[in-house]
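Generate coordinates for the entire structure from the input sequences, incorporating the hints supplied.
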Amino acid sequence: IEKPYDIDILIAKIKGIFKRRLAVDELTDGNIRLDIAHETIYRDGKPVEATAKEFELLKLLMENKGQTLLKHYLFNTVWGSDSESEEQTLTVHISRLREKLEDDPKKPRKIITVWGKGYRYE
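FYI, the numbering for the sequence shown is 889 to 1010, going by the numbering used here.
Mixed in with the good hints there might be a few duds.
Straight-line Cα separation of at most 35 Å, DSBU-like style, residue types lysine-lysine; simulated pairs [to be verified]: (1) LYS953 to LYS934; (2) LYS1005 to LYS901; (3) LYS995 to LYS947; (4) LYS994 to LYS953; (5) LYS988 to LYS941.
What the hints contain is simulated information worked out from the structure, not anything from laboratory work.
Structural data, given as structure tokens:
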């Protein structure tokens, strides 16, 4: 972890480590299911076409359901701190996930924006 660090980032990283050690095969929330082994997203039992980054982003959000994850934490975790991409890439991927998973992407109920901070999966 780079200094200075945010306590929320530290907590999320520790929780992520523990969850990975439990070797979860899938994550399920209502009509959304992630098959971890096959890196596949399902909505209403049907596979959703998604990029590897979209899958990783959704997995990270679902693993931390109910917690606000900071934009820079999400970006650094999914793209890496040495990535040449910009944080705007995160916004685009969130938008694409909403289009694929939300009933009304303009009024999301699963992937919530926490203004000035990041995103939270509900």
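Verification of the supplied hints:
1. LYS953 to LYS934: Satisfied, since the Cα-Cα distance of roughly 22 Å is no more than 35 Å.
2. LYS1005 to LYS901: Cα-Cα ~17 Å, so holds.
3. LYS995 to LYS947: holds, 21 Å
4. LYS994 to LYS953: holds, 20 Å
5. LYS988 to LYS941: Satisfied, since the Cα-Cα distance of roughly 14 Å is no more than 35 Å.
Checked against the numbered hints given earlier, the structure satisfies every one of them.
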